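A.B. asks: The residues making up each chain are set out below.
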Amino acid sequence: MVGPQYDLVGNPLGAVRSTFERTAAAAAAESGERDPVAAFRGKDWGACELFRSFLFEEDGLDKVPVLNASNLGLIKPNTLVRYRGMVQDMLGNEYYIGAFKDGSTWRTNKFTDFSPFSMPHPCDSHLWERHLFHCVPAPGQNSWTLDSSPGPDVRRMSGCLATELREKRKRDGDNDDMDVSENGHEESSSQCKKPKEEDVHVSSSSTEMAEGVSEMNGGDHHIPGSSFSCLVKVYDMPDSQVKLNDVIEFIGVYTFDPELAAPSDNPDDIMLDLIEDVTVQLPPSKVPRLHCLVWRKLSPHDFISRPPVVEPSPSILKGIRQSLLSHLTMVLGNDELAAQCLLLHLLSRLRNRVDVVTVGRLSLNFIGFNRESASIFGNQLCSLIQKLVPYSQAIPMSIEYLNTATLQPRKDNKSGRLVTGVLQLPQGSHLTFDETFLQTGSLTSKGVENTMLLKNLMESQKVDYDFEYYKLDMATDVQLLTLSEGKSNILPSDLVVPFRPSSVPTISAGSEELESWRWYLATVRSLPQSTEPETYQIIQDEMVNAMRDDRSLGCSELSRWLTMAQITASSFGEKSLSLEHWQMVKELERLRKLRLQ
Amino acid sequence: MASNGGGSSTPSASSPDGRPSSPLPVTNSSPPQSTRRTGGRRRRGSASPYASSPSLGGFETPPHPSRRTPSGAGAGAARQQRQNWTGRFPPTPSTPMSTDDIPPSSEAGDDETDGIGAGIDTVPVFVWGTNISVQDVNAAILRFLRHFRDPRDAGRVDPVMDEGKYMRAIHRILELEGAETLDVDAHDVFDHDPDLYSKMVRYPLEVLAIFDIVLMELVGRFEPFFEKHIQTRIYNLKSSICLRNLNPSDIERMVSIKGMIIRCSSVIPELKEAVFRCLVCGFYSDPVMVDRGRVTEPHICQKEQCKATNSMTLVHNRCRFADKQIIKLQETPDEIPEGGTPHTVSVLMHDKLVDAGKPGDRVEITGIYRAMSIRVGPTQRTVKSIFKTYIDCLHIKKTDKSRLHVEDTMDIDSSDANKSTEEDFLNDKVEKLKELSKLPDIYDRLTRSLAPNIWELDDVKRGLLCQLFGGNPLRLPSGASFRGDINILLVGDPGTSKSQLLQYMHKLSPRGIYTSGRGSSAVGLTAYVTKDPETGETVLESGALVLSDKGVCCIDEFDKMSDNARSMLHEVMEQQTVSIAKAGIIASLNARTSVLACANPTESRYNPRLSVIDNIHLAPTLLSRFDLIYLILDKADEQTDRRLAKHIVSLHFENPNLEELEVLDLPTLVAYISYARKYIQPQLSDEAAEELTRGYVEMRKRGNSPGSRKKVITATARQIESLIRLSEALARMRFSEVVEVRDVVEAFRLLEVAMQQSATDHATGTIDMDLIMTGISASERQRRENLVAATRNLIMEKMQLGGPSMRMSELLEEMRKQSSMEILLHDLRGALGTLMTEGAVVIQGDNVKRV
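From first to last, the protein sequence lines are chains A and B.
Just remember that this note's numbering sits 5 ahead of the position in the first sequence, which is counted from 1.
Just remember that this note's numbering sits 192 ahead of the position in the second sequence, which is counted from 1.
Since the hints were derived computationally from the structure, they do not count as laboratory data.
Just so it is clear, the structure is predicted and the values come from calculations on it, not from any experiment.
The C-beta atom is built at its ideal place from N, Cα and C for all residues, glycine as well.
Don't take each hint at face value.
[Said to hold, decoys possible] Straight line, CA to CA, 25 angstroms or less: simulated SDA-like cross-link-like pairs of lysine to any residue:
id	chain 1	residue 1	chain 2	residue 2
1	A	Lys392	A	Ser531
2	B	Lys838	A	Pro538
3	A	Lys302	A	Leu519
4	A	Lys467	B	Gly532
5	A	Lys476	B	Pro525
6	B	Lys699	A	Asp469
7	A	Lys392	A	Ser148
[Claimed, not checked] Simulated coverage check for chain B against chain A, where a stretch passes if three residues somewhere in it have a Cβ under 8 angstroms from a Cβ of chain A:
id	region
8	450-459
9	523-531
Next up, chain A with everything else stripped away, as it sits in the complex (with noise of 0.2 angstroms):
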């Protein structure tokens, strides 16, 4: 169907209000009803439709700019924008009024916060609701993954531009830290204000850390404005279909209201505070509202900017992988080894999920790492990690971090908020601890908790977030790799493997080998896995075989066998597991248990 055609991107709201005038119209006309709205509660009346076929078939996308921290204050509100962020916290429900009766037209506030008509008093209207999401950018999301879907320049949008905002944008946008609230809550009583004093000082001690972890980095670590939040409102959402720790596109309707920026000063109203939810300590004078019209989940495909257009052959996905093998084995100072086990642990993903048991994972440790070593190979692995997935983070353990981290995210039942910890990643992250930090030193209790916590995160790849009545499990799957000097107990690790570097490394890669890399990455990764039976068969006598000719082979180690065999099979772009997979992972052993003796 196709309306009168309004600028969706400029006026989207304009689209919204005149498809469901009319269908209104046409609802009322149809049943004769007094109320003829109250069937779109939870449903759509076509906007989204509209919308969808304008940005996906009609190649709308690239006109939509992308909202971020730089060009907060350029982008004119009631328009149509992108934002691309991981779901930190949900915080509810809110009820609006969804449609009021005017005069005798229905009008709607859906997408909006503010009626753009005023509701005239007594009059017939409908509670419908919408979902809160705060969104911020993914932790550790790796720079080149901005540059596969850039929206248009807002600079150059005349029509965009917002020149009344942008000065005072910039006053604000000085401190733009999610957590500090300063506008909002400088008058609000003091027993609110408690919390978010902690608040702040949680959050400065792990923009802290962040900091030493983006020097490790090379600086390019942090991608700029990465405290930039949003707080996204989406409707007609059946539950859970979007989960914490979620990342997602939205597009939808950036508002801004300047009325709703203004402080609510009646302090002596204590009642109230309760109530009260917790937008009110994100400010939209800093956390940009967005009424989402259309959204999707972002897999690490979506980060690939020109994904070749071939279908994953073996033959192509082999080559692929050679040159990247090759790559990480001039990265690793000539240790194929290394290299071999590293590009596993790359196409490692928890794949299943039995009780306490994960299948899938495979967390490496190089160990013969020393500080010096360390900073050579270490900073050039991460490096070429960060070019390479979308989300990665290298954490110097140090007994200093691990005492005064906050690796936990913890609800702070005071503000109603989920206060973000350094484990709250979003699905596929890679992290890299360089254990060569490490000295001997004491632990304090809030060091105890952060190991068990990584640890608990090694093993069954869930990290408990702490509700302060009781802990919630949260299932993650994360990438780890460690550097160590011996083997870290701390970690314990799937895969030791006994680093041998030959030389020095001096290369780095051109972007298309990259380009092909990530793809090559992210293809292998979602390959999906179907053997047949006789394979089973061949496998189970594999393994009872080894078994009966080394008896100190455990559940675990057969476990990470047949992941590694896998992992090799889908490396080579094969859709099922064959013995000669086998064979090159019992080889892999056997070099590995070589070097470790």
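Since chain A is already given, all that's left is putting chain B on it; use the hints.
C.D. replies: Here is chain B on its own, set in the frame of chain A:
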């Protein structure tokens, strides 16, 4: 404009402003004495700047003259509140309320619901906007209160019981004169009149207001001078809603939700009646009622002589306040879907409900879901299109905290008091559990359900199951008590998923505590005394064992625990108490825990040539306190290897071909165990007792097998106690009140399996309890005796009394020449040690001298 306790509000009567005020509006009009003399008075003193005013004596005010009758005010306020919701606004402002006993109504020309037909007739009085006929509801409630009889009382023919359940309750209130609330079970309402129930849930404000009126009328008939107001509190709705599923259509309905209190506000005094004083002449105005959170300050002094304008000021300590509190309720962890964060909702508590729950409590709240518009700013008249929601609380019930409802079986006399918690176990759930228990293969099914991802180890799992179910503790009149808890030790090679089993048990068991031996100290396990840094008082703090009272305490890496810490376990494992005598505190704490410990062999891998004692290096005294000791050995066995391989492969491929065994999921298993632990107290049947005796005698006999000279103890009194516990646990698994012969047989089998592994003397192949009790098997003891005798003979032969000493190595060579046995230096040294204690020889370094 006077300040008011409720907050800011614009005077617009028809604003969509659902003020958070009492859910039961009648509290507004409750006689002043009651509240004033209690909470209101206290607060007034502190809140008011006039507290020390000289005219304090004059504040004993009589009830003010303009008091409305409870009924009129109640219904009126109810109607007013009704207008404040969901954004459906009446076309005209409401008319002033009537003060007679018939609650006001509007003409039913309303568009909502199905009340169109009823609206034509003007005779019945309808609540505005509904199809509720006031008279009908009135009569229905009266019928309910008068005639509802608890079906549970039906059997009784007591003439006193002739009255309905709630009439009795009302009489009780009148007699006691204390309670101001009447708790009404919504199930009772439903049973009596489903129509009334549905009306009540759909239009709670109106129906509850009428409920209160009827109640007060009823009370008035019994006792005309009863002045307190009695509130109706509804609880136990038919269906409780998940916090997450609250949606706009629930607004203004009665809902029942479960959750956890995460935060409480301080108590807020809310102004109910305001009194003003003229600053010019000192005239006190009549109390002004607070109307929807606002009071109107009189502009002119009402005293004829004065008539000063704008001279009235609020007199805080003559005003009447009510308590109010807001709590935040959060979803309980089990209701949160995967990958979600818990939702919260604000709950408004009034009067008696204030401080009824503390943060951390799990509660079930019955209340009215309300929405309130957000004002943009105090100066702005515009109302945002966004609403805030909260629940006006009617009733709060604390629900059980723990996952397993285990009231200990030891407190037998408390079983009567726990009737209310019995209701927690929903009847149909219990039925389901009972059905399960009747399955013929329930024992195997339970075994499979326990840690299903750990394959094999079936007998170990059976033992662990017994531990979860537990035996019956016994307390003799003489004071002696026998524990019902079963202690288990798992010893095994590394990588045999012992720790995983432990983790699983810890998850399953009530008050499960998981500690690691390496990190546990003696006090950390038992209890310790500290000095409070602030007050200097000595405080007793419980350790893991005390905390897991009535639960399972899982101790991983038992072998790596310090000896000191381990020795503390002696008392716990048999006496089930922890005694403390320190720093002025002498206490004996209950620690009725089952201990589940797991240990690695000393040489990290089990050495089959050594005894269990040598392998685990635990004190035999402690070892004997374990009912079952399992050796989990990694044996080379093609069959197990194959099964392991199959298991791993199936994990990786999600092979659909693999047989799906029927297992109970974790919650069901937990419920099953908790139900059994709580309600099933099996007793030994005569046959079972006989079997027990027979088996025990047989076990002991086995040691005296003909042919073997030595007497081997294969069973001790400790074993028979263990057997009783095990068979009781086995009976519990079937929900059987009687321990049958088959339970005893299975218990023997379990014990034997465990003993065969741990107490088998490797030299002879027989079961030898001495191994466990003393650490030395009978055959070993025999061997040592022989060696001592041989050594003595040799020394008598070769050495002279007081003669030159002999080197030990020489002695050893001599011995080897004589004896066919292989003798080690270590053995010889032991034998010589025995001789030295006898006074036959003296050992100096490496030299032996006969004396």
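A.B. asks: Now tell me, hint by hint, if it's right for this structure.
C.D. replies: Here is what the structure says about each hint:
no.: 1; hint: A:Lys392 with A:Ser531; verdict: holds, 19 angstroms
no.: 2; hint: B:Lys838 with A:Pro538; verdict: holds, 12 angstroms
no.: 3; hint: A:Lys302 with A:Leu519; verdict: holds, 24 angstroms
no.: 4; hint: A:Lys467 with B:Gly532; verdict: holds, 14 angstroms
no.: 5; hint: A:Lys476 with B:Pro525; verdict: holds, 8 angstroms
no.: 6; hint: B:Lys699 with A:Asp469; verdict: holds, 15 angstroms
no.: 7; hint: A:Lys392 with A:Ser148; verdict: holds, 8 angstroms
no.: 8; hint: 450-459; verdict: holds (count 5)
no.: 9; hint: 523-531; verdict: holds (count 5)
Comparing the model with each numbered hint stated earlier shows that all of them hold.
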